[in-house]
Amino acid sequence: MELLDRYLYAVRSGLPKGQQDDIIAEMGEDIRSEIEDLETGLGRPVNETEVVEILKERGHPAKVASHYLPQQYLIGPALFPIYQLVLKIVVLVVLLPVFLFVVAPIAIATVAHPTQALIKTLWDLAMSAVFTVGVVTVVFAIMERYPVKFQGFDNWDPRRLPRIPKSTTESRGTLRATAVFELAASLIAATLFVAWFRTTFDLGGIRITLAPVWRSIYWPSLLVILSGVPKGWVSLIWPERRRLRFGFRVAINAATLILVAVLLNAGTWVDLTGPGFPAGGLVEAANWTNFGIKISLIITAVIAAADAIPEGLRLFRKKTSWNYSTAT
Amino acid sequence: MNAELFENLRLELRRGCLILAVLAELRTEHYGYALRKALADRGMAIDENTLYPLLRRLETQGLLVSEWREEDKRNKRFYRLSSDGEIILKQLLDEWNSINSSVSRIIEGEPITEELSI
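Protein chains in written order, with numbering that gives the first Met the number 0: chain A, 0 to 327; chain B, 0 to 117.
Since the hints were made in silico from the structure, they are not lab data.
There could be a bad hint or two in this list.
Among chain B residues calculated to face chain A with C-beta under 8 Å, some are [to be verified]:
(1) Gly31
(2) Asn48
(3) Tyr51
(4) Lys72
(5) Asn74
No more than 27 Å apart at the CA atoms, straight line, and that leaves these computed lysine-lysine pairs for BS3-like [claimed, not checked]:
(6) Lys36/B x Lys72/B
(7) Lys36/B x Lys55/A
(8) Lys119/A x Lys293/A
(9) Lys16/A x Lys55/A
(10) Lys36/B x Lys89/B
(11) Lys36/B x Lys62/A
From the three backbone atoms N, C-alpha and C, an ideal C-beta is built for every residue, glycine too.
Could you build all of it, start to finish, from the sequences and the hints given here?
As structure tokens, then:
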């Protein structure tokens, strides 16, 4: 019975402290009874192969011991939905916007190498996300182990539930009209961009010279403007592929944010010159123009990010075929 | 996929029934292995890795009592229903009969005459 003793010894190490002797004594008795039954049936003592079969039938010692453990999960099913919600809020609503609107623009605009700054910011974002997820997980694991009664599930009133949005899905007609508008707007904007783009403009005797950074983002900008064409086309051809549309929109907004970051990094966007105008006045006018451009760029970044975040959330939301309006 | 789904649903269905079967069988005193055999003989085979943790849980809940005793020169742990266990078993059997007859009516498409609440 050396095999049996070794098996029981292996099971014992995985059992809860304080119950080991009791469980092992009972388990040993159960296995011996089974062996005894088998021997009675066979009319001879069991051999090693038969004992091995019996023990293998029982399962791996670690698996057998796990049946006696009080808790098998870190965060149980009751707390898990709240844990998921908290993670989404912390990462997508707090961490991501703070990095997009505050940390990244400051980092990119204040260093000499924006690409390095962007990579470092993304790395910091990833590390912060890992740290935050870790802290939230530990807090919920503690809550699971030492449960505090959550009053929210008992003291609630159906009348305080949020109202259902008037329209949760776009109608096919609205979608088609939007797609056609997007297509047309994109083509018109691209045509105007190509036709009017100059590095210098003359306005009332003043020459406005664009900074070299505008030239460097010419082709990427044109691509972003033209991206409305495939997006509109996709909406027209595959109106049911909502995730693809959301993905397109997130990608366009992300590209816009990168272009704005590159522009913000330049610091100066126009220069004004004009014979016959006082130099001090031109410098002041250029400063104000640059300030206006800076504000416009920041507003553009905020709009792009504000549009990208809900679209991104929709992208990761679970697919559902249920629709309230069709169910009522 | 269907076999796996069926297995999951079968286990879910069996879980509650096993408790009822174990409590009912322990109206007569048994040690673990004998209980397992008695249940198997009546068509309710139960894996030892399920049975023993279940017995410990039911004992912790006060529904069973156990004692170590020598039989055939071997120490065995004998279980039987406690007085609280008898009360709970009676309530569970009433519930079981009620569910059973309701489900039978539902399956046979008969009108429901009494409310089923779970």
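So, going through the hints one by one against the coordinates:
For glycine 31/B, the suggested interface contact is upheld, since its CB lies about 5 Å from the closest CB of chain A, less than 8 Å. Given the 8 Å rule on beta carbons, the hint for asparagine 48/B holds: about 5 Å separates it from the nearest Cβ of chain A. Satisfaction of the interface hint for tyrosine 51/B is found here, the shortest Cβ-Cβ separation to chain A being roughly 6 Å, below the 8 Å cut-off. The criterion of a C-beta within 8 Å of any C-beta in chain A is not met by lysine 72/B, whose closest approach is roughly 11 Å, and the hint is violated.
A least Cβ separation of about 7 Å between asparagine 74/B and chain A falls short of the 8 Å threshold, and the interface hint therefore holds. Between lysine 36/B and lysine 72/B the alpha-carbon distance is near 20 Å, which keeps this suggested pair within the 27 Å criterion. Our distance criterion of 27 Å between C-alpha atoms is met by lysine 36/B and lysine 55/A, whose separation comes to about 19 Å. This hinted pair checks out: lysine 119/A and lysine 293/A have alpha carbons roughly 23 Å apart, not beyond 27 Å.
Between the alpha carbons of lysine 16/A and lysine 55/A the distance comes to roughly 25 Å, so the proposed pair stays at or under 27 Å and holds. Between the alpha carbons of lysine 36/B and lysine 89/B the distance comes to roughly 24 Å, so the proposed pair stays at or under 27 Å and holds. A distance of roughly 23 Å separates the Cα atoms of lysine 36/B and lysine 62/A; the hinted pair therefore holds under the 27 Å criterion.
Comparing the model with each numbered hint stated earlier shows that hint 4 is the single one that does not hold.
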